[in-house]
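Protein chains: 2
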Amino acid sequence: MRCRKCPQRAVLRLPRHNTAFCGPCLTEFVNTQVQKAIKAQAMFSPDDRILVAVSGGKDSLALWEILLKLGYRADALYVDLGISGYSDRSREKVERFTHDVAEPCGAKLTIHTIADDAGAGIKELATLVKRPTCSTCGTIKRYQFNRIAWENKYDVMATGHNLDDEAARLLGNVLQWQEEYLQKQSPTLPASVEGFAKKVKPLYRMTEREMAAYAVVNRIDYLVEECPMAKGAKMLVYKDVLNRLEAESPGTKHRFYWGFLDKQKKAAAASSTLDMAHLDQATLQPCDTCKQPTTAGTCSFCRMMARAKTPTH
Amino acid sequence: MRCRKCPQRAVLRLPRHNTAFCGPCLTEFVNTQVQKAIKAQAMFSPDDRILVAVSGGKDSLALWEILLKLGYRADALYVDLGISGYSDRSREKVERFTHDVAEPCGAKLTIHTIADDAGAGIKELATLVKRPTCSTCGTIKRYQFNRIAWENKYDVMATGHNLDDEAARLLGNVLQWQEEYLQKQSPTLPASVEGFAKKVKPLYRMTEREMAAYAVVNRIDYLVEECPMAKGAKMLVYKDVLNRLEAESPGTKHRFYWGFLDKQKKAAAASSTLDMAHLDQATLQPCDTCKQPTTAGTCSFCRMMARAKTPTH
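First to last, the sequence lines map onto chains A and B.
First residue of the first sequence? That's 1 in our numbering, and the numbers climb one at a time after it.
First residue of the second sequence? That's 1 in our numbering, and the numbers climb one at a time after it.
Treat the hints as calculated values from the structure; they're not laboratory data.
It cannot be assumed that every hint is accurate.
[As the list claims (entries may be wrong)] Simulated pairs of lysine-lysine, BS3-like, Cα-Cα distance not exceeding 27 Å:
1) B:Lys130 <-> A:Lys234
2) B:Lys239 <-> A:Lys231
3) B:Lys130 <-> B:Lys231
Construct the complete structure from the given sequences, taking the supplied hints into account.
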C-alpha cells in the first residue's frame, strides 16, 4: 500500500477519507487537522497561554507536542490520581516527555497530587464518598484543571479528547437524551463566567487510531494501557459499538459528531439563549465554599470533599 | 425461574422491566402494552376500521391477532413482492392465518401482487430502476399500503414495527442527524392531507424478543427467516448494536426511543409548526401523475415506475 500523497509506503489507511499516508504525510495531515480545529472552533491564538491537561496517554502527549511544534505557548498539567501500579508509570512518561520534548521548547509541567490535597488517592476517595471511581475522578479532575488554569491565568485549557471520545460521549448522551449534557458538548466551551477557564479539544477531528499511529510515527513514548479503573466503563462499550458501525460504514463517527456540531450551531444561531455563554450565565453562581462557579449552592467537588471528611459510623 | 405474577414457570425474562412471565401472563402483559400504546398515542377507537399490513412474520401476524382478540375491526393487507423461495412461503403463512384465525372473527385479507401491477417482482424492478432492493421495496410498500388504505376508506393503517425496529431506525437517523426523518418518526402519523391515510405502530412498546415469545406462546405460525434481500442491511447492524447496548444496560432501547418521543412531544407543544399535520400541509401536494400526496412534483413511486418502463439501451 502506497501513500496517496508521495511515493513512500503507507503506514496507515484512513477509510473515512478514502486515503492512506506514510509517516511524514500522516504527521502533516494531523497538524493540518489540528490547525483547522483551532481555527474553525476559535480555540486560541498564538499569543494565548495554553494549559494542556496531560495523562501520559497518547492523545494528551501528542496534543502537547503538536501545539509546541506549531509554535503555541503551551504548558501542561498532570494530575496524579494515586492509583498504585498505574499513576507512577503514567507520571514517569509525562516527566520524561517534559524533559525530552517540552522543556527544550521552553514549556513547563505542573503536577497536582490528589493525595496531597484530599488526603487519599482516587480509589480510596471513591470508597469514602461511596461513588463510582470514574465519576469521582471526573469531578476532581474537572475541578482541579479549571482551578489551576484559572488561578495561573492561562487563557485556555486544552484536553486530548479525540473524535472517538467525543462520539462515544455523544452516543451516551443521545441514548438517554441528556439535553443538559448535549447542550454542553462542544469542542470549545467559553470562559463564560468569573472563575471558569475556557476549555478546548483540538483533537476532536482525529480518531483514536489516527492518534495512535501519529504517536508511534513521532516516537512519542506514552503509556499504552487504559486506566485499570475504567474496566467495564460505559464509554468503552460506546466506543466498541461505534467502531463496529465505523467498520460497516467508514465516516460514521465523523458524520455523527460533526453533524451534531452543525445542528448545535444552527440552534444557537436561531436563539441567542441557546448560546453557551448565556446558558452558563443563567445557571452558574459562585460555590458558597470555594467560590468556583457551580449550578448548586455548594459545588460537587466541595460536597464530595465534605463527605470524604465526615467520619463514618 | 418463576413467573412474577403467578406460581407458573416463566417462559421469558424481561430484564428491562426486571421481571419474568409465564405464557398466559406474558400474553396479558403484551395485550396491556398494546392497549396502552393505542391510548397513549391516540391510534384508533373501537369503531374505526383498521387495515393491518401483514408480511407473514411474527410481528404483523401477532398484531393482527391481538387487535382481533381485543375486539377491534381489523382487516389485513398482504403485498406479494414476488421474491422466489420467500414470497410464496410468507404468503402461505398469511393465508393460513387468515383462514384459521382472522376469518372466524369476521376479518378479511386483501392481497396486492407487485408483479400484476408493475410487471415484475421487486428484485427485477430494483435492477430495472438501478436502486437497492430494500429502498425500492420500501417505496412500493409505503405507496401501495397508503393507496389501498385510502381507497378502501380505512380509518387507519397499522404496521407491526416493534421497539427494536423503531430504536434501530432512530439510531440510523440520529447517527446522520436526518432532521426530516427524525421529525416524522412517531408511532402515530396523522391523516394530515387528502390522500394520506393515518398510520400507527401499536407494537412500539414491545421488543422483538418479547414479540417472538408472544408468537410462540400463542401458537402463531409465522415465517421465521428474515427476507433474503435484507442481508447486510444497515438496520440489522443497528439492531445488533442496540442489542449489545441493551445487554450491557437493560432498558436502553426503551429509554432511547421513549426519551425521543418525550422530546418530540415537548418540541411540538412549544411550536405549532413542528406539529406533524402542519409539517405535512406545508410540504405535501398531489403527485402530477397519480394524485397521491408527495413533496415533489411527481411522487417517488411514479418516478420509479416511469424509470422501470423506459427501455434500456
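Please flag the earlier hints that this structure goes against, numbers listed from lowest up. 1
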